[in-house]
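Novice: Line by line, the protein sequences give chains A and B. Heads up, the first sequence is in the working numbering, so the first residue is 74 and it goes up one at a time. Heads up, the second sequence is in the working numbering, so the first residue is 74 and it goes up one at a time.
Honestly, the hints are just simulated from the structure, not real lab data. Predicted model only: the values in this text are computed from it and were never measured. Some clues are possibly wrong.
Stated by the list, open to error - Result set (SDA-like, lysine to any residue): computed pairs, CA atoms no more than 25 Å apart in a straight line:
id, chain 1, residue 1, chain 2, residue 2
1, A, K257, B, E308
2, B, K292, A, A121
3, A, K257, B, R203
4, B, K133, B, L424
5, B, K292, A, K133
6, B, K292, A, E373
7, B, K80, B, T215
8, A, K257, B, G306
9, A, K257, B, G271
10, B, K257, B, R203
11, A, K417, A, R176
12, A, K292, B, S117
13, A, K292, B, E308
14, A, K257, B, D88
15, A, K292, B, A378
16, B, K292, A, R132
17, B, K257, A, T307
18, B, K257, A, G271
19, B, K257, A, P410
20, A, K133, A, H147
21, B, K257, A, D84
22, B, K133, B, S117
23, A, K292, B, R176
24, A, K80, A, I143
25, A, K80, A, P410
26, B, K292, A, R122
27, B, K292, A, A378
What the hints assert, rightly or not - Part of the chain A face toward chain B, derived, beta carbon under 8 Å:
id, residue
28, V91
29, A92
30, G383
As the list claims (entries may be wrong) - One side only, chain B facing chain A, incomplete, derived with CB under 8 Å:
id, residue
31, V91
32, G94
33, V152
34, I252
35, G256
36, G316
37, L323
38, A360
39, S361
40, V367
Ideal placement from N, C-alpha and C gives every residue a C-beta, glycine not left out.
There are 2 protein chains.
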Amino acid sequence: MTRVDQKVLTDFVHDALVAAGARPADAELTAEVLVAADLAGVDSHGVARLRRYVEGLHRKTIDGGARPEIVREHGGVTVVDGHNGLGQPALCFAVDHAVEQARAHGVAAVAVRRSNHIGIAGWYAERAARRGAFAFVTTNATPQVAPAGAAEPMFGTDPVSYALPTTGEPICYDAATSIVPRGKLERLHREQQPMLPGWAVGPDGATSTDIPRVVAGLKAREGYALLPLGGLGTEYGGHKGSGIGLLAELLCGPLAGASWSRHTYGEQGADLGQFVLCVDISALGDASAIAGRVDAMADEIRAAAPAAEGVGVRMPGDRRHATSTERAATGIPLLPPVVADLAKIAELVGLEPLRTRGAYV
Amino acid sequence: MTRVDQKVLTDFVHDALVAAGARPADAELTAEVLVAADLAGVDSHGVARLRRYVEGLHRKTIDGGARPEIVREHGGVTVVDGHNGLGQPALCFAVDHAVEQARAHGVAAVAVRRSNHIGIAGWYAERAARRGAFAFVTTNATPQVAPAGAAEPMFGTDPVSYALPTTGEPICYDAATSIVPRGKLERLHREQQPMLPGWAVGPDGATSTDIPRVVAGLKAREGYALLPLGGLGTEYGGHKGSGIGLLAELLCGPLAGASWSRHTYGEQGADLGQFVLCVDISALGDASAIAGRVDAMADEIRAAAPAAEGVGVRMPGDRRHATSTERAATGIPLLPPVVADLAKIAELVGLEPLRTRGAYV
Numbered sequence: 074m075t076r077v078d079q080k081v082l083t084d085f086v087h088d089a090l091v092a093a094g095a096r097p098a099d100a101e102l103t104a105e106v107l108v109a110a111d112l113a114g115v116d117s118h119g120v121a122r123l124r125r126y127v128e129g130l131h132r133k134t135i136d137g138g139a140r141p142e143i144v145r146e147h148g149g150v151t152v153v154d155g156h157n158g159l160g161q162p163a164l165c166f167a168v169d170h171a172v173e174q175a176r177a178h179g180v181a182a183v184a185v186r187r188s189n190h191i192g193i194a195g196w197y198a199e200r201a202a203r204r205g206a207f208a209f210v211t212t213n214a215t216p217q218v219a220p221a222g223a224a225e226p227m228f229g230t231d232p233v234s235y236a237l238p239t240t241g242e243p244i245c246y247d248a249a250t251s252i253v254p255r256g257k258l259e260r261l262h263r264e265q266q267p268m269l270p271g272w273a274v275g276p277d278g279a280t281s282t283d284i285p286r287v288v289a290g291l292k293a294r295e296g297y298a299l300l301p302l303g304g305l306g307t308e309y310g311g312h313k314g315s316g317i318g319l320l321a322e323l324l325c326g327p328l329a330g331a332s333w334s335r336h337t338y339g340e341q342g343a344d345l346g347q348f349v350l351c352v353d354i355s356a357l358g359d360a361s362a363i364a365g366r367v368d369a370m371a372d373e374i375r376a377a378a379p380a381a382e383g384v385g386v387r388m389p390g391d392r393r394h395a396t397s398t399e400r401a402a403t404g405i406p407l408l409p410p411v412v413a414d415l416a417k418i419a420e421l422v423g424l425e426p427l428r429t430r431g432a433y434v
Numbered sequence: 074m075t076r077v078d079q080k081v082l083t084d085f086v087h088d089a090l091v092a093a094g095a096r097p098a099d100a101e102l103t104a105e106v107l108v109a110a111d112l113a114g115v116d117s118h119g120v121a122r123l124r125r126y127v128e129g130l131h132r133k134t135i136d137g138g139a140r141p142e143i144v145r146e147h148g149g150v151t152v153v154d155g156h157n158g159l160g161q162p163a164l165c166f167a168v169d170h171a172v173e174q175a176r177a178h179g180v181a182a183v184a185v186r187r188s189n190h191i192g193i194a195g196w197y198a199e200r201a202a203r204r205g206a207f208a209f210v211t212t213n214a215t216p217q218v219a220p221a222g223a224a225e226p227m228f229g230t231d232p233v234s235y236a237l238p239t240t241g242e243p244i245c246y247d248a249a250t251s252i253v254p255r256g257k258l259e260r261l262h263r264e265q266q267p268m269l270p271g272w273a274v275g276p277d278g279a280t281s282t283d284i285p286r287v288v289a290g291l292k293a294r295e296g297y298a299l300l301p302l303g304g305l306g307t308e309y310g311g312h313k314g315s316g317i318g319l320l321a322e323l324l325c326g327p328l329a330g331a332s333w334s335r336h337t338y339g340e341q342g343a344d345l346g347q348f349v350l351c352v353d354i355s356a357l358g359d360a361s362a363i364a365g366r367v368d369a370m371a372d373e374i375r376a377a378a379p380a381a382e383g384v385g386v387r388m389p390g391d392r393r394h395a396t397s398t399e400r401a402a403t404g405i406p407l408l409p410p411v412v413a414d415l416a417k418i419a420e421l422v423g424l425e426p427l428r429t430r431g432a433y434v
């Protein structure tokens, strides 16, 4: 597999976004968030998504000149309009504002409407945690997931993320509310691997493992849906997982004043919503004492009897942090279709391709 | 099955708690919360728990005279010490304070430490929703659930609840973060029904369906553990469900300044934690317009193609509300062991038994 230097890749993403019409500061931030995903091993949410952004900016379905705007504020609650710009600058603005407001009010909630795809939700939660906050971040997305009891997609794979400070790296949870994301099925399909029963349902509401049909049906949004955490029915808690997806949909849709489900992308571009909650840790007590207690609890959990030999208990974020450290040193591996995609992007916006930038390590 | 009138049952619970040493106002509230669970069909969290409360008060492991006290406040963030009183008055105080603070600050977070068992978390979230707030409520509990990768219990079955207003009854989600609660296994065991694989693990970290051993092991806290939503391993998202349980543990333990896991019950009584987040809906926009949007989204979801004939999509709380309405009219069914338990309680505290109170309908 091709390995690319982090800095060179980030610069390339930045240049491509600017060439497509993004403001330089927005391009820089968006590049950082996308490459952070590749660095952490969340390849599905990294530069593999760049083409969609570049094409959106190019076709003006994303407004490269938009700036997030505060449209409502009461105490620690703020509503931000993303004006259909890139999602990263809008949500980053919201998170930074939430951290600041949490310092003033102890706790803050910031809702974003008219926003776009935001990359990995954990990047934002972790950013807030590094500034001393407990943060909860979620976004909605186009429908892919069937709620408990339904045979058709109504919810996005809506990630839910939270993070909080420790005395070392933050604990950072970031997970789609479906059992598996669509990207995983696409990868298994490409690699001619099977999918498991209970991950998706067909139009008859029964679980399907017909991977070509499931992948095609999800893409066309016809007849197939992913299942929420807990799976089909109630025996393994499908209704519980469905309710976690619903939480994201409620916060990011009707509460944020954004669209939801089938209505998220319309003629006026995207109207995705995001929701951020921040609690300033020092409002709850001495911040370093609390970080120490978080450490103590995390250490106890890590020391639990392992489920099997070689299987340890990790804190959310442990693996992503380790992967990031390793890839920062050795380069970011890119799959051949992603390499090809980046070459096409360079051509599309008239940019020096990654290949001649001395990027490959 | 015996059916009991709601009012008579509530009065009995109140009288038993007062006789055991609770303040009358606390007894009234606690009775309301316990009976609300039976009314809603959540029998595991209703009067079946009363004996534990009465015995705790009797033995002074719960302080019937305690009053919740605000020990820290900064902006919209408050820390409450429950002083080892009943959990219901402490958490209700916290929720009411959170609603009030959310009106002033838009958003509020209230953490409770030195608290006890609180009944159903959804009761509190719904109470806040009826006062115009989005509310998130969670509590920790003694360890019963193995985190992803572990073979021993570290997390409680920690319920997570959220609620928000609609134009009708609130949407109210309330679910333990394990696939099934211990009470369900105990019931299946009594009824000589099998349990499903993937609900619990044995000391070897493998999933067990040996229901007598699992039930005994959970009770003795030896060798057996429930599994979080998503089950064993990562194939069905056990790491995702584990992270939701961890969220409850972090908020209610180290962030609230309460104990966690094995440390929740010590020589000084209980030190459970609870955490409440409230956002005043009107801080986000016009409250009735938002309720209308919530309704519109809920109606779209309810109208989704059903997974099977006779299986509809419900909003969280729909079924509990329907059951409550029905049982308020026809009486609350009590299982024979619960009827026997209530008779023993009457004897223990010297109270007129339910049987002669004209309770049975």
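Novice: If a hint holds in the structure, say so; if it does not, say that too.
Specialist: Results of checking the hints against the structure:
Of the pairs offered as hints, the one joining A/K257 and B/E308 holds, with about 12 Å between alpha carbons and a cut-off of 25 Å not exceeded. Distance restraint check for B/K292 and A/A121: the Cα-Cα separation of roughly 49 Å exceeds the 25 Å cut-off, and the hinted pair is therefore not satisfied. A distance of roughly 41 Å separates the Cα atoms of A/K257 and B/R203; the hinted pair therefore is violated under the 25 Å criterion. Of the pairs offered as hints, the one joining B/K133 and B/L424 holds, with about 19 Å between alpha carbons and a cut-off of 25 Å not exceeded.
As the CA atoms of B/K292 and A/K133 are separated by approximately 61 Å, the hinted pair breaks the 25 Å bound. This hinted pair checks out: B/K292 and A/E373 have alpha carbons roughly 21 Å apart, not beyond 25 Å. Restraint check for B/K80 and B/T215: the C-alpha separation of about 32 Å exceeds 25 Å, so the hint is violated. The hinted pair formed by A/K257 and B/G306 meets the criterion: a straight-line CA distance of about 17 Å does not exceed 25 Å.
For a cut-off of 25 Å, the pair hint linking A/K257 to B/G271 stands: about 23 Å separates their Cα positions. Proximity of B/K257 to B/R203 is assessed by CA-CA distance (about 30 Å); at most 25 Å being required, the pair is judged violated. Restraint check for A/K417 and A/R176: the C-alpha separation of about 45 Å exceeds 25 Å, so the hint is violated. Distance restraint check for A/K292 and B/S117: the Cα-Cα separation of roughly 43 Å exceeds the 25 Å cut-off, and the hinted pair is therefore not satisfied.
About 22 Å separates the Cα atoms of A/K292 and B/E308, which keeps this hinted pair within 25 Å; it holds. Under the criterion of a C-alpha separation no larger than 25 Å, the hint pairing A/K257 with B/D88 is inconsistent with the structure, at around 57 Å. Our distance criterion of 25 Å between C-alpha atoms is met by A/K292 and B/A378, whose separation comes to about 19 Å. For the given pair, B/K292 sits about 62 Å from A/R132 by alpha-carbon distance, which is inconsistent with the 25 Å threshold.
As the CA atoms of B/K257 and A/T307 are separated by approximately 13 Å, the hinted pair is consistent with the 25 Å bound. A threshold of 25 Å between alpha carbons decides the hint, and for B/K257 with A/G271 the separation of about 23 Å falls inside it, so the pair holds. Under the criterion of a C-alpha separation no larger than 25 Å, the hint pairing B/K257 with A/P410 is inconsistent with the structure, at around 49 Å. Pair hint A/K133 plus A/H147 does not hold up; C-alpha atoms about 33 Å apart against a cutoff of 25 Å.
For the hint linking B/K257 to A/D84, the alpha-carbon distance of about 55 Å lies beyond 25 Å, and the restraint is violated. Between B/K133 and B/S117 the CA atoms are separated by roughly 24 Å; this keeps the pair inside 25 Å, and the hint holds. Using a Cα cut-off of 25 Å, the hinted pair A/K292 and B/R176 is violated, with the two alpha carbons roughly 44 Å apart. Simply put, A/K80 and A/I143 have alpha-carbon atoms about 33 Å apart, too far for the 25 Å limit, and the pair is violated.
As the CA atoms of A/K80 and A/P410 are separated by approximately 21 Å, the hinted pair is consistent with the 25 Å bound. As the CA atoms of B/K292 and A/R122 are separated by approximately 49 Å, the hinted pair breaks the 25 Å bound. Our distance criterion of 25 Å between C-alpha atoms is met by B/K292 and A/A378, whose separation comes to about 19 Å. This hint is violated: A/V91 has a C-beta 34 Å from the nearest C-beta of chain B, more than the 8 Å allowed.
For A/A92, the shortest C-beta to C-beta distance to chain B is roughly 37 Å, which exceeds 8 Å, and the interface hint is violated. Checking A/G383 against chain B by beta carbon gives a least distance of about 10 Å; that is not within 8 Å, so the hint is violated. The beta carbon of B/V91 is not positioned within 8 Å of any beta carbon in chain A (closest approach about 34 Å), and the interface hint is therefore violated. The interface hint given for B/G94 is violated, since its Cβ lies 31 Å from the closest Cβ of chain A, which is over the 8 Å cut-off.
Because the beta carbon of B/V152 sits about 6 Å from the nearest beta carbon in chain A, less than 8 Å, this interface hint is met. Because the beta carbon of B/I252 sits about 5 Å from the nearest beta carbon in chain A, less than 8 Å, this interface hint is met. At its closest, the beta carbon of B/G256 sits 15 Å from a beta carbon of chain A; the interface hint therefore is violated under the 8 Å criterion. Look at B/G316: its Cβ gets to within about 4 Å of chain A, closer than 8 Å, so that hint holds up.
Of the supplied interface hints, the one on B/L323 holds, with its beta-carbon coming within about 6 Å of a beta-carbon of chain A, less than 8 Å. Because the smallest distance between the Cβ of B/A360 and any Cβ of chain A comes to about 11 Å, over 8 Å, the interface hint for this residue is violated. Because the beta carbon of B/S361 sits about 12 Å from the nearest beta carbon in chain A, more than 8 Å, this interface hint is broken. Checking B/V367 against chain A by beta carbon gives a least distance of about 5 Å; that is within 8 Å, so the hint holds.
When held up to the earlier numbered hints, the structure conflicts with 2, 3, 5, 7, 10, 11, 12, 14, 16, 19, 20, 21, 23, 24, 26, 28, 29, 30, 31, 32, 35, 38 and 39 and fits the remainder.
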